[in-house]
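> The listed protein sequences correspond, in order, to chains C and X.
Numbering follows this note's numbering, in which position 26 of the first sequence is assigned residue number 26; successive positions increment by one, without gaps.
Numbering follows this note's numbering, in which position 259 of the second sequence is assigned residue number 1259; successive positions increment by one, without gaps.
It is possible that part of the hints are untrue.
Claimed, not checked - Straight line, CA to CA, 20 Å or less: simulated SDA-like cross-link-like pairs of lysine to any residue:
#	chain 1	residue 1	chain 2	residue 2
1	X	K1053	X	W1313
2	C	K205	X	F1311
3	X	K1155	C	I17
The hints are simulated quantities; they were obtained by calculation from the structure and are not laboratory data.
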Amino acid sequence: METTIVNNNFKSEEYFINMGPQHPATHGVLRLLLTIDGEIIKKVEPDLGYIHRSIEKMCERDSYQQIVHLTDRMDYLSSHINNEAVCLTVENALELEVPDRVKVIRTIIGELTRIASHTLWWGVMGMDVGALTTYFYGFRDREMINDIFEETCGARLTMNYNIPGGLMHDVHPNFVKRVKEFITHFRIKLPEYDRLLTGNVIFQKRTKGVGVLTREDAISFGASGPVGRGSNYSCDVRKHHPYSAIDKVTFNEAIKTEGDCFARYQVRIQEMWESMSIIEQLIDKIPEGDYQVPTNAVIKLPKGEFYQKVETARGELGVYIISTGTKNPYRMKFRSPGLSNLSLLNHISIGGKIGDLVATMATLDLVIPDIDR
Amino acid sequence: MNIPLSIANNIHNWLLNIMPAMAVGIIEMALIALAYLTLFAVLGLYLVLMERKVAAWFQLRIGPNRVGFHGLLQTMADALKLVSKELTGTVKADKFLYNLAPYFVIISSLMALAVFPFTKDLQAFDINIGIFFLIAISSVGVIGILLGGWSSNNKFALIGAMRSGVQTISYELSIGLSLLTMILITGSLQLSEIIEVQKNGWLIVQGHIPAIIAFMIYMIAGTAETNRAPFDMVEAESELGAGFHTEYSGMKFAYFFLAEFINMFIIAAIATTVFFGGWLSPFGITQSIPWLGVFWFLAKTFVLVFLMMWFRWTFPRLRVDQLLTLEWKYLLPINLVNIVIMAVIVWLNFTIQF
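Start from the sequences and build out the full structure, keeping to the hints where you can.
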């Protein structure tokens, strides 16, 4: 496919560079076409499609049980939550009530996923502004969560734990003990994050007032997750449309008003605290009971349109299914948080420097397969 | 007791017995050059190893530990690998300048190394304008970086080179002025004399407050001058990929990196000489054994090198405009005021001497 820059009238001082598709700061295969005057960004045009695998089209081919396993390949850092989104949609369509045990376990694992995603993001954020050491600290803590996941469902990245009707199998006997160990560990380590990066004067200089997104723009661009909440836009799906066991716990929606990179950073740090508190509220109260309800071997959804949204680590993931009553969807559409968050990159980067673009991109927390489905 | 010098004298006398004086001179110069080249290579390799070990320590990792005892031969193996690699380049690069650039960088570092007094007797070249020579020669390296970035015919390399030019030239000023502050106390540009003056107390003690300010400015500017984090605008791997050396491969790439590490050593060595008494031992505890000066010199230098590595592995990177703001709006004015304060202190004889 030929890429053309439409209506890009260069001035004589301006030039154009490719950032990506294999640039260290794009964290994957995102290609940005930058129009630059010296170091000042004049225009950012994302060019997508380098990792497109037509997941939505493949969903039309597959049964509902199979679809679940495609979704964790999208946002692979929130794979548990992605799986949960599809399962919830199917369960809603079937009007299937899953046991409380399933709901609580799903919520705990979802929050663990969020912490794991945010720790990785924190490491990468530091790396993008030049502090490589953060990367290893983030990975140290994420490793413990990955170990818990590995013990629970055998996978460390692309989980296949949620199925329509419940969970693939029950949690490992060590689960509660190891989650508690992790929380104890992370309560000591999270303040270390602040000491290393948050309080650093250079880091604050690099992020405060950079990539400012106003509340109006956040809403009109469809920003969600920490990006929206950094701009004083209350958009937490867990608060507004609770699902699973999230209505059984109390937590604060992390919101900042500044809308700059530092605000988005702080939102994610605070979310890690909130996630820990959610897990602590639930971990001793996992109800006894079944871990799944029996479903037909071939699930057929009733005719109609079904939509369910969840809050992934990056924002609002919507799953939209049009069913004609057969064993696979007629049309399936994901509303991914990454795509709408990427759409505002040009808007907030213009006038900044290349270094600012990198910092801004890091705080959008893009996962490219989530955008390029 | 003067072991290195007596060996040198013995060799000198032996050579004079078997050949004419001019040939002896030439051979001795060649030997000294060879010794310095060896020092340069070994120092570069082991600073790389040190950096990797320090980074590993900061980052909860082990670091190189397979090749040789505790990984001591790791960088040797790396150098061998780099030598064996193909030297690739871009088709439309300006070949002559492209190939020339690494030598500018490496030669400027090598020349700077020549004037350091490792001890009283171990100094290749004791000129009376030592500090001036160091400042002058260290600005040559930037030409190599600019040439490399320009001739690579790569936009990322070009941005890297331009950033480097702007950065190195700006921070040269601060380095020069902060060293000038100390020259006011010593009254000499000659490195050996600067050290002699410090027998009554290291200059950082003699000059107390303005000296400490000068030292802090010097370390900040020195870190910037060597293009190291938090001022590694030149490579800025998350922004520019690799910066000015994007298109360099194999040994040419290694030259740039070797020079960067040697520059770090040079910056630390200048600081040792000018602020911390060079090869002088603390309170003269090993004054009777002069050749231990090498130990003190290297010990002090490596503490400062470690400090610069500490910066690198904990700080984020500044943005290019913030970097220039720091230099022109903060360091330079502070520096100018500091010189005046130091002049007044020297004039009124407020320096601390033991």
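> Of the hints stated earlier, which fail here?
As far as the earlier hints go, not one is violated by this structure.
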